[in-house]
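Visitor: In the order they appear, the protein sequences are chains A and B.
Sequence positions in the first sequence follow my numbering and run 2 to 352.
Sequence positions in the second sequence follow my numbering and run 1210 to 1472.
Because the hints were derived from the structure by calculation, they are not lab data.
Hints are not guaranteed to be accurate.
[Claimed, not checked] Derived contacts from chain B toward chain A, CB cut-off under 10 Å, selection only:
#1 1250
#2 1291
#3 1295
#4 1297
#5 1382
#6 1389
#7 1391
#8 1456
[Unchecked claim] Which chain A residues stay away from chain B? Per the calculated CB distances, all over 12 Å, these:
#9 23
#10 131
#11 133
#12 174
#13 176
#14 224
#15 272
#16 274
#17 285
#18 330
Idealized CB from N, CA, C, for every residue including glycine.
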Amino acid sequence: MLKVIRAGLCSSIQDGGRQHVAQFGVCRAGVLDCNAAALANCALQNAETEACLEIMQGAFEIECLANCWVCVTGQQLTLTLSPCDTQSNHYINEPIHAGWPIQLHKGQRLSIIPCADTGTAYLAVAGGFDVPVLLGSKSTDLGAQFGGFHGRTLQSGDTLALLTPSRQQQAFLQQRYGNVHTLTGIHQPPPSAVLRALPGPEEDTFSASTCDVFWQQPWQISPASNRMGCRLHRNTKETNLNNDDALAIDSDNNNAMLNSHAIVPGTVQLPANGEPIVLLADAQTTGGYPRIACVIQADLWQLAQLPSHARITFKRCTRAEAWQALKKQRALIYRAQRAILHDPAISTHNA
Amino acid sequence: MTTTPQKSHPKISDPSSGPLDQESLQHGLQLAGARIYTYGETAIVLELEKSNERLAPAKQQCIWALTHLFQQRWAEHPSIRDIVPANHNMTIIFDPLSEPFSAWIRKLSQCWQDLNQENPSTANPFTGARTHRLAVAYGGEYGPDLKAVAHMHGLDVEEVIKRHSASIYTVAFVGFQPGFAYLDGLDPVLHTPRLAQPRQRIPANSVAIGGRQTGIYPADSPGGWHIIGRYIMETQASLFDAKREQPSLLSTGDLVNFVWANA
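Work out the full structure: start from the sequences and follow the hints.
Guide: Spelled out as structure tokens, the structure:
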């Protein structure tokens, strides 16, 4: 069991998300950064899409109530492990690395100390969290308030029940990580501020100048972003009057009359105020705003890891490139899995 | 800018008979009465022609029939993630790595062609619909906008309730929030523009009118529709329950009739 001491601003249980329920209005939910979550799970020999704690912002601290193995992944993380009262252990005064399993002993506290560049952190536990599977997933649907831990974000004082890892899994973890303390963790590629995107179905309903501005101008991530969508605004320094005019949606187009359609995470809507929204895992299942672009699935995780207020640009790509990128992303997880299983010198794979 | 796909691509009458080259699929595929377009690298959409006339019932039936047929054939396929009917269109979302994009376009267009051969308007291929009689408490504290709606249309309150509870509605599709059914078939006299300033919070189970549609909010949410009553949930099944096998009480194509319970 893990007790939440400090919950952060938006921490929730998420897994690979829901399928086959969009027709009932239920959003996909699930982790925003499937790479980081998969690496944390793989390091512990969990299933790749087992539920993790997704810790989006703020200081986070848990206390271990019964010995367990955990792994934290994410960008620019500083982790500390406070000493255990009752039992001597190897971690006192040693740096704790993200991306590497650690055995928590009863009474120890693990903290994430956030800085300006900290991205979304994922905390996986060997065996997984013991929460109900609803509509095929353990993910928290924060909008509809079901799933995960009582359908809500974590609060201080919450106690999270864990599933017991198999004997085989425990033996592996002990043997693989039990006596190794000085590694720097599995390599996690840093996020890029250039998001590759395919043109959206309604791109040609926007004027050429609007499209030029959209594809060429840097956009700043707004603090109003959340799990439903990443809101972007114009960087005022780079915007001239012309561009302002260009982003006012042509009065004669019939975008306002656009019929509702299904929404896929990654879709970039451009509403009338000219400020794009990249829809994420908790987006509504249907919507009617014009879709100027679709961020490719392989690049979507980066929005969860870029620092707040980061500036991003969209780069037009082809479906073949999107396909290759996704294949490459899956290969990265697969290689990490193999390295964890077979490579005795995994530390040499680190960046 | 690119030209519209209708103009730039010739009609392909039988896509299953020949290879569809990737280039021509960049902008979709023209079919009889509909087109298929691509949506990112994980989805394709079939959209009916000239679908700007909102929620014309006969057209929406084609979407239900297509959704039903496509689900029968492909819902179990391991790469299918979601099949989502919406307003005059249907989207399928899949894992793009396991099967080529063009294969799904071919499967979807095949379903459309098979439906058209069966003539969906006469053969009534959509048989999954259920009928729901839903008890509603109209007006008073449950329907704060009822008087204003009546006033707007020059009717008395009772007339609004009678008209709203007289219609047989169909669930055009479910979206916006879990279990929220967009109901088609509102009496034209009751068509009411949405609120200029949406409310921050509409209480769960509120029955509301927005534009040409009516619906019930399954959970508290912001919204711009006019609240005229409250679905009586104490004695009826909840509109959405994630623990139920069928989580949404109302599904695409179902028939709905409101019963005036506090007359």
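Visitor: Does each hint hold? Answer for all of them.
Guide: How the hints compare with the structure:
1. Annotation: residue 1250 of chain B was flagged as interfacial toward chain A, and the flag holds, the nearest CB pair being 4 Å apart, inside 10 Å.
2. For the restraint placing residue 1291 of chain B at the interface with chain A, the shortest Cβ-Cβ distance is roughly 4 Å, inside the 10 Å limit, so the hint holds.
3. The beta carbon of residue 1295 of chain B is positioned within 10 Å of a beta carbon in chain A (closest approach about 5 Å), and the interface hint is therefore held.
4. The interface hint given for residue 1297 of chain B holds, since its Cβ lies 5 Å from the closest Cβ of chain A, which is under the 10 Å cut-off.
5. Interface restraint check: residue 1382 of chain B against chain A, minimum CB-CB distance 7 Å, threshold 10 Å, status holds.
6. Of the supplied interface hints, the one on residue 1389 of chain B holds, with its beta-carbon coming within about 5 Å of a beta-carbon of chain A, less than 10 Å.
7. For residue 1391 of chain B, the interface hint holds, the least distance from its beta-carbon to any beta-carbon of chain A being 8 Å, beneath 10 Å.
8. A hinted interface residue such as residue 1456 of chain B counts as satisfied when its beta carbon comes closer than 10 Å to some beta carbon of chain A; here the least separation is about 5 Å, so the hint holds.
9. Consistency note on residue 23 of chain A: stated as away from chain B, yet its beta-carbon is not over 12 Å from all of that chain's, at 4 Å minimum.
10. Remark: the non-interface label on residue 131 of chain A is consistent with the geometry, its nearest Cβ contact in chain B lying 17 Å away (cut-off 12 Å).
11. For residue 133 of chain A, the condition that its CB be more than 12 Å from all CB atoms of chain B is violated, with the nearest at approximately 8 Å.
12. For residue 174 of chain A, the condition that its CB be more than 12 Å from all CB atoms of chain B holds, with the nearest at approximately 30 Å.
13. Every Cβ of chain B is farther than 12 Å from the Cβ of residue 176 of chain A; the closest lies at roughly 33 Å, confirming the non-interface assignment.
14. Non-interface call for residue 224 of chain A relative to chain B: holds, since the shortest CB-CB distance, roughly 20 Å, exceeds 12 Å.
15. The claim that residue 272 of chain A is not at the interface with chain B holds, since no C-beta of that chain comes within 12 Å of its own (minimum 14 Å).
16. The beta carbon of residue 274 of chain A sits about 15 Å from the closest Cβ of chain B, which is more than 12 Å, so the claim that it is off the interface holds.
17. Taking the minimum C-beta to C-beta distance to chain B, about 6 Å, the non-interface status of residue 285 of chain A is violated against the 12 Å cut.
18. Residue-level check failed: residue 330 of chain A sits 10 Å from the nearest beta carbon of chain B, not beyond 12 Å.
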